[in-house]
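Visitor: Chain by chain, the residues run as shown.
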Amino acid sequence: MTQALLQDRASLAYARDLGRAFGGALLFGLPLLMTMEMWNYGLTLDGTRLAIFLLTSLPLLFGLAHFAGFTPARSVSLAALEVFAALAVGFVSVCILLALLGVFQDVASPGVTAGQVALQVVPAAMGALLARRQFGTDRTSEDEGEARYPGELFLMVAGALFLALNIAPTEEARLISYMMGPWQAIALMVLSLGLMHTIVYMAGFAGQEEQGHPVSAFIHFTLAGYGLVLLTCAFILWLFGALDGHSLPATVDALIVLGFPGAIGAASARLLI
Amino acid sequence: MTRKPSRPPASKPTSTSKAPDPPWLAWAMGGLGIVLVLGCLGVILWRAMSEVEDPDVQLRLIETRPSQGQWLAEIEARNLGGETAAEVEIEGRLGDETASALVDYLPASGRRTVILGFSENPEGRLEMRTRGWIEP
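So the sequence lines, in the order shown, correspond to chains A and B.
For reference, each letter of the first sequence is one residue, going 1038 to 1310 in my numbering.
For reference, each letter of the second sequence is one residue, going 9 to 144 in my numbering.
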């Protein structure tokens, strides 16, 4: 009798977490779901790149489930289970929204539809996993302190992806890099690093207490983080084919432009995730 | 002799709560960041120092192939200049027949592939030119 009651209570709690997960999927997925370029990438994206993106997103989602899952899971198998639940939540919300928005209507082949959905499922699943942090009230301080140095770096990559993925598919991201001159590019890079360092300190990264010396904190967190941000941006731009046919200087410009939101996202990962 | 800043003793107060992270990883990742930042800076400065030229669009016929009742000419458009060209209109002429395509962006030192359709095989007889572009 009491066991049945407890089970009911547990499923009720899980249903509430699931509801939050849908909210998170929408919150994070909506900007991309309502971006025209993202629908077109379903038509134009290289299948191999899409497959690589989906495969690399699995460990990323797993890491997110470990650090900030929508249920307080701390074991490996539970985190894996959460990843698949989040993917299911993402898949359902993306399909419903894209159908509702009329994106599917002119589409000819099922392959195109699959591409459109697959590309959107990953950000939506990220949102589902982050839901507990976005909507939940049960933030515990032990979660915050748990991440060690590799974990901090991972969170920075996730944060960079969080913002950069929203901006990368738009035409503006390309246009800005073509409009900028060399001095503007350098200034944007300096601004990215400066803001990143400031936010990292204000958001109270572990660096603050462990790396007492500001110079070593700058090298270990800000520079290391910015390097990872640039690599993350290179991966996203490569995925969208935005680096194809670009020379090295044009590639560097594109990286710095996308690296700006990436750096902000990475530095505020502690606030977002 | 002044006291040299030596390695901190093992009982460092800040690292009592957790085992210390491997410092080599922090330095390696920091080093990676420095290399990438300096690399980007170097590329930008190198481009800033070199003379920036206007877009210089060069067209080259790669191949022709029949496709669904017409002939397609695959053309490589390269921008040898130092500025990006936007909305580059590329025209191919085969006798009286003309075909054109619009390239949204042709980045500096970059390349794009353009396909033009004709009723006959344009191999060897195709005249190509760039009609114009916009500075982004």
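Hints are not guaranteed to be accurate.
[Claimed, not checked] Taking beta-carbon pairs under 7 Å as the criterion, some of the chain A residues facing chain B (in silico):
id	residue
1	1186
2	1188
3	1212
4	1213
5	1221
6	1225
7	1227
8	1250
9	1260
10	1261
11	1267
12	1271
13	1278
14	1280
15	1286
[Stated by the list, open to error] To give an idea of the interface, some chain B residues facing chain A are shown, with a C-beta separation under 7 Å as derived from the structure:
id	residue
16	44
17	46
18	48
19	50
20	52
21	55
22	58
23	88
24	89
25	120
26	139
[Claimed, not checked] Simulated DEER-style distance windows between Cβ atoms:
id	chain 1	residue 1	chain 2	residue 2	range
27	A	1074	B	123	18 to 24 Å
28	B	69	A	1118	40 to 46 Å
29	B	84	A	1056	52 to 58 Å
30	B	99	A	1121	29 to 35 Å
31	A	1212	B	121	26 to 32 Å
32	B	99	A	1117	43 to 49 Å
33	B	47	A	1074	26 to 32 Å
34	A	1212	B	32	24 to 30 Å
35	A	1227	B	99	29 to 35 Å
It should be emphasised that the hints constitute simulated quantities derived from the structure, not laboratory data.
As the structure is a prediction and not an experimental result, all values here were calculated from the model.
Using N, Cα and C, we set each Cβ at its ideal position, and we do this for glycine too.
Visitor: Which of the numbered hints above does this structure break?
Guide: Numbers 2, 4, 5, 6, 7, 8, 12, 13, 14, 17, 19, 22, 23, 24, 26, 28, 30, 31, 32, 34, 35 - these are the hints that the structure violates, sorted from lowest upward.
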